[in-house]
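Next come the chains, spelled out residue by residue.
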Amino acid sequence: MNDPRPSELSELNEIHDERLSECYRTACNAEPPAWLDQRILTAAQTAVKPRPTPAIPWRWPRVSRFWAVPVALAATVVLAVGLWRGLPPTSELGGTPAPMEEKAAPSLARPAAELNAARARSADTVVAPPTVPSPTLPSSAKPDEQRLIRPRAMPEPARSESFQAAPARRPADEEATSFQQPADLRSPSAWRAEIAELRRQGRQAEAEARLAEFRRQYPHESLNEAEPR
Amino acid sequence: MPTDDADETLMLRYGAGDADAFARLYARHKGPLYRYLLRQCGQPAVAEELFQDVWLKLIAARNGYTVQAKFTTWLYRLAHNRLIDHYRASARRLPVSYADDCPEWAEIPAPAEAQPEHQEDRRQQAERLLRLLDELPEAQREAFLLKEEAGLSLEAIAQATGTGRETVKSRLRYALVRLRRGLGGTL
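Quick mapping for you: the protein sequence lines, in order, are chains A and B. Our numbering numbers the first residue of the first sequence as 20 and each following residue consecutively. Our numbering numbers the first residue of the second sequence as 292 and each following residue consecutively.
It is possible that part of the hints are untrue.
[Claimed, not checked] Pairs of lysine-lysine residues, derived as DSS-like cross-links and limited to a Cα-Cα distance of at most 25 Å, are as follows:
hint: 1; chain 1: B; residue 1: Lys321; chain 2: A; residue 2: Lys68
hint: 2; chain 1: B; residue 1: Lys348; chain 2: B; residue 2: Lys361
hint: 3; chain 1: B; residue 1: Lys348; chain 2: B; residue 2: Lys460
hint: 4; chain 1: A; residue 1: Lys68; chain 2: B; residue 2: Lys348
hint: 5; chain 1: B; residue 1: Lys361; chain 2: B; residue 2: Lys321
hint: 6; chain 1: B; residue 1: Lys348; chain 2: B; residue 2: Lys321
[Unchecked claim] Okay, the calculated bits of chain A under chain B, using three or more residues with CB under 8 Å as the criterion:
hint: 7; segment: 38 to 44
hint: 8; segment: 59 to 67
[As the list claims (entries may be wrong)] From the structure, some residues in chain B lie toward chain A, with a derived Cβ separation under 7 Å:
hint: 9; residue: Tyr378
hint: 10; residue: Ala417
hint: 11; residue: Arg464
hint: 12; residue: Leu470
Just so you know, these hints were derived from the structure itself, not from any lab. C-beta atoms are modelled at their ideal positions from N, C-alpha and C, and glycine is treated no differently.
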């Protein structure tokens with residue numbers, strides 16, 4: 020072991036005083052309190068202690084999945100029944116467009132009547148076939164183009180029927196229409212009178228059809244008022 | 292190469308989950324560290340709080356600990372930083388002695404009442420030494436405490452306090468001059 024050089028010894032003497040150090044060691048013997056020791060040692064042990072994992076994991080997601088399907092089915096059934104009960108009967112739905120057709124029928128039938136009158140006035144002239152005036156499309160337009168240009172507000176079948184059927188409507192059709200439209204409003208006695216009139220005129224097929232319609236409308240009514248209900 | 296009982300080995304074992312290794316480390320260093328903090332802050336309650344903070348920080352850093360320096364240097368580096376935070380957070384500012392060493396302080400005579408003219412026993416000398424120590428600038432006192440309590444070398448003190456070796460040497464020299472003068476050559 021080498022002795023310290025003079026420079027190092029001088030440095031050591033500058034920064035170290037053995038008597039001072041001994042005095043300091045005598046003076047200072049303070050220690051941290053016991054409770055502080057306990058607290059720090061507990062923190063150190065807790066930090067490295069393995070944390071126990073729960074033996075049974077939380078089952079909340081499985082419970083949720085278990086009830087999800089029955090609850091969804093019940094909700095679907097409740098919604099479907101509610102909607103079905105809230106909707107009007109089918110007969111009411113079918114009768115809704117009738118007033119619109121009734122309003123449209125006179126205006127659509129008018130050109131046909133005017134055409135027939137003009138045809139009668141100029142009997143000696145060549146009468147063109149009853150063409151349906153198209154308010155928006157030129158006659159040169161192709162069917163595909165007409166379909167494309169046709170306004171969307173009016174459904175296609177109803178529109179074609181209203182423009183084409185009006186001039187060709189026959190009296191029998193008009194009669195049937197007159198029977199059908201007020202059917203819901205007529206009383207059983209009116210039905211009976213109508214069916215009796217048809218039978219009297221020998222129109223048995225129409226009478227049977229009206230009878231079937233009458234029975235459908237009034238299942239608890241009999242055709243003959245004297246029969247028990 | 293650290294031995295099985297070396298501080299560094301114990302700290303590595305604690306990082307691996309050995310709580311007994313920490314207990315041995317704590318028993319070895321708790322007194323010097325506590326006295327270092329107590330002398331530096333002057334109030335036992337504050338010293339206890341800082342002491343606890345330092346050890347909790349060490350516990351939190353156990354997994355990332357690697358042997359890059361002496362364990363003692365690292366421990367007192369943590370303590371020094373916590374002490375600086377305490378100075379900055381407390382009402383008084385960071386002591387000027389940390390920013391700029393004043394050689395003139397060594398020439399300032401100790402208070403008249405501190406002159407030990409008739410001290411006869413060592414206990415009284417020791418008590419006076421502690422009062423003189425309290426009157427030292429913080430940086431000089433810290434250097435003295437790190438040498439006396441932690442047994443750190445000049446280089447280790449420089450590492451722990453983030454200063455240069457010559458600065459530490461200067462602080463220690465001035466501290467010893469003031470303490471000797473305050474004790475009046477009775478040692």
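To see whether the hints hold, each was checked on the structure:
1. Lys321(B) x Lys68(A): Given that 25 Å is the threshold and the Cα spacing comes to 22 Å, the pair holds.
2. Lys348(B) x Lys361(B): holds (17 Å)
3. Lys348(B) x Lys460(B): violated (29 Å)
4. Lys68(A) x Lys348(B): Distance ~17 Å between Lys68(A) and Lys348(B) Cα, so the pair holds.
5. Lys361(B) x Lys321(B): Since the Cα atoms of Lys361(B) and Lys321(B) sit roughly 16 Å apart, the hinted pair holds (cutoff 25 Å).
6. Lys348(B) x Lys321(B): holds (14 Å)
7. 38 to 44: Answer holds; 6 residues pass the 8 Å Cβ test.
8. 59 to 67: holds (count 7)
9. Tyr378: violated (21 Å)
10. Ala417: holds (3 Å)
11. Arg464: holds (5 Å)
12. Leu470: holds (6 Å)
The structure is inconsistent with the numbered hints 3, 9, although it conforms to all the rest.
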